[in-house]
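Number of protein chains: 2
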Amino acid sequence: MRMPHYIRRIQAGGVNPKPNIRVIEERAAMALVHGDNGMGHLVMKRATEIAVAKARTCGVAWVGSVFSNHAGPASLYPRMALEHGMVALYFAVGNANHLPPWGGLDMLLSTNPIAVAIPTHEEPPVVLDMATTVAAYGKVKTKVQRGETMPEGWMVDREGKALTDPKRASEGLLLPIGGYKGYGLALIFGLLAGTLNGAAMGKDVVDFNADDVTPTNTGQSICVIDPAAFGDPLEFKKRVDVVVRDLRASERMPGVERIWLPGEQSYIKRKEAERVGTPIAPALRKSLDALAVSLGISKLGEQT
Amino acid sequence: MRMPHYIRRIQAGGVNPKPNIRVIEERAAMALVHGDNGMGHLVMKRATEIAVAKARTCGVAWVGSVFSNHAGPASLYPRMALEHGMVALYFAVGNANHLPPWGGLDMLLSTNPIAVAIPTHEEPPVVLDMATTVAAYGKVKTKVQRGETMPEGWMVDREGKALTDPKRASEGLLLPIGGYKGYGLALIFGLLAGTLNGAAMGKDVVDFNADDVTPTNTGQSICVIDPAAFGDPLEFKKRVDVVVRDLRASERMPGVERIWLPGEQSYIKRKEAERVGTPIAPALRKSLDALAVSLGISKLGEQT
Chain A
1 MRMPHYIRRI QAGGVNPKPN IRVIEERAAM ALVHGDNGMG HLVMKRATEI AVAKARTCGV
61 AWVGSVFSNH AGPASLYPRM ALEHGMVALY FAVGNANHLP PWGGLDMLLS TNPIAVAIPT
121 HEEPPVVLDM ATTVAAYGKV KTKVQRGETM PEGWMVDREG KALTDPKRAS EGLLLPIGGY
181 KGYGLALIFG LLAGTLNGAA MGKDVVDFNA DDVTPTNTGQ SICVIDPAAF GDPLEFKKRV
241 DVVVRDLRAS ERMPGVERIW LPGEQSYIKR KEAERVGTPI APALRKSLDA LAVSLGISKL
301 GEQT
Chain B
1001 MRMPHYIRRI QAGGVNPKPN IRVIEERAAM ALVHGDNGMG HLVMKRATEI AVAKARTCGV
1061 AWVGSVFSNH AGPASLYPRM ALEHGMVALY FAVGNANHLP PWGGLDMLLS TNPIAVAIPT
1121 HEEPPVVLDM ATTVAAYGKV KTKVQRGETM PEGWMVDREG KALTDPKRAS EGLLLPIGGY
1181 KGYGLALIFG LLAGTLNGAA MGKDVVDFNA DDVTPTNTGQ SICVIDPAAF GDPLEFKKRV
1241 DVVVRDLRAS ERMPGVERIW LPGEQSYIKR KEAERVGTPI APALRKSLDA LAVSLGISKL
1301 GEQT
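In the order they appear, the protein sequences are chains A and B.
For the first sequence, position 143 (counting from the first letter as 1) is numbered 143 according to the numbering used here, and the numbering increases by one without interruption.
Offset between the second sequence (1-based) and the numbering used here: plus 1000.
In case anyone wonders, no lab produced these hints; they're calculated from the structure.
This structure is a prediction, so every number in the text was calculated from the model and none was measured.
Cβ atoms here follow ideal geometry from the backbone N, Cα and C, with glycine treated the same way.
There could be a bad hint or two in this list.
Not everything, but these chain A residues come out facing chain B in the computed CB check (under 8 Å) [stated by the list, open to error]: (1) 123; (2) 182; (3) 231; (4) 234; (5) 288; (6) 297; (7) 300.
In silico BS3-like links for lysine-lysine, alpha-carbon gap of 27 Å or less [claimed, not checked]: (8) B/1161 / A/161; (9) B/1143 / A/143; (10) A/269 / A/238; (11) A/271 / A/299; (12) B/1238 / A/238; (13) B/1237 / A/203; (14) A/237 / B/1143; (15) B/1203 / A/161; (16) A/139 / B/1161; (17) A/203 / B/1238.
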């Protein structure tokens, strides 16, 4: 879905396609990675690899990025640590500000996300990946496409009144989860992922939807924990399984068919996609095909 | 406020007043502290001191506790790290389950809190300290005392309908912030503070309001980051000041007198208390006086 946007920024010179990604600060359990304005995916893949290696030795490691870019779904990087049986927390500064401080009107914060992955033994891993607003901005856009109204609680207008017409979204403000609590989380995650690393945060954030040229100086942080440092890692994974199963077995509210764990639905969809292929909506397929033509490369599924 | 409860548990043998608090697992950037069922305040003070010392060397450190107890306000420990110019994140498993999984009815989760402290140069430090439910359970109790109704969004009944009569709280469920998102956060924070350390989580949590005898095996975790590892620590603090001031200077919604930063109101109250003394409500004073009499010690303000 983001591919056309990524390509547009690379072609406009806003992203460096051949970055010199390098560690500029380092201690036993931390590193600061300079992304050289490369794709965030490359920067955070490197950062996560460093964090996993350091966590194996030190028990825990924290690696931040500066002069990075949008890195795709937040959960990608904690899930990399899962492959090593490790726990990971990821924080990022979003690439457009949609959130004011609580009680305010100026869009000074992004919907700064957190993603956390926790390994299990037999159950799907617990993977939380969430924005700090009730609804991510993408969900608002989907409501416009479908001609639906938004539920109360997603947005308010500049008077603080509920805004439910998604076509009026540009006049409104996204609401943080739990009111001032979500504002606090968006701020804290932004300070941890942006300000600590010397990356953009608050007023400095470049709206990468509106600007294809200016380097975003995006910041991200990943913290990796090796459960083997705390005791038998298999016993830990089995204890997580027990918690997962107890939650799933809870008595349910009327009308609720199943209790889900964070990341469980994505896990099932991904396993299904591995088996039968990844479904691509016709509109997305069309946009990717057009992109392939414009780049002079083969379309998806076309023989090269 | 919690003093009578703490004393009651110590007298009943539920808490070890002379614990042998010790490190049972250790690597360069982590430690697991066995609290020997001592007061959580002692355990987490020790854990935070270890984390600060390790972060100074390794850049970051993560210290967990097992067989600890309730440790007072979550923000206490991240604020200890502030005194060393460090950033800290704290997670805890609460000592009573008030939250079901999203869509469920069984109280399998506590309102597991997060607290984060971030140092500043001239501004009050940014200190977030929050439960993962819209309202903490203590707020519900306060509504009963005052004979007030609760706003919609704090609790629902077992059919999922809004519950606004705080006297019916025992029939209801607290709502997590952002719905399933807050459920995810409560779960993740509990896995990081409890399950990772081998401490109680989920079904194992002992309700310390109802049970004075059983060791709670409370778990907490603190992660300390030294900004000096990432660059000039003074420059970092100044950058946080800039974000704080930009947020405070935001245009405000009608009727909003001031934009607050997380921890700013507590900071002002604490500074005021340092100047003129700590105000104690008459009911609390009475309960502390009764406690002093029962223990054969002098009351607050009494000459010894």
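Against the structure, test the hints numbered earlier, and report the numbers of the ones violated in rising order. 1, 4, 5, 6, 7, 9, 12, 14 and 15
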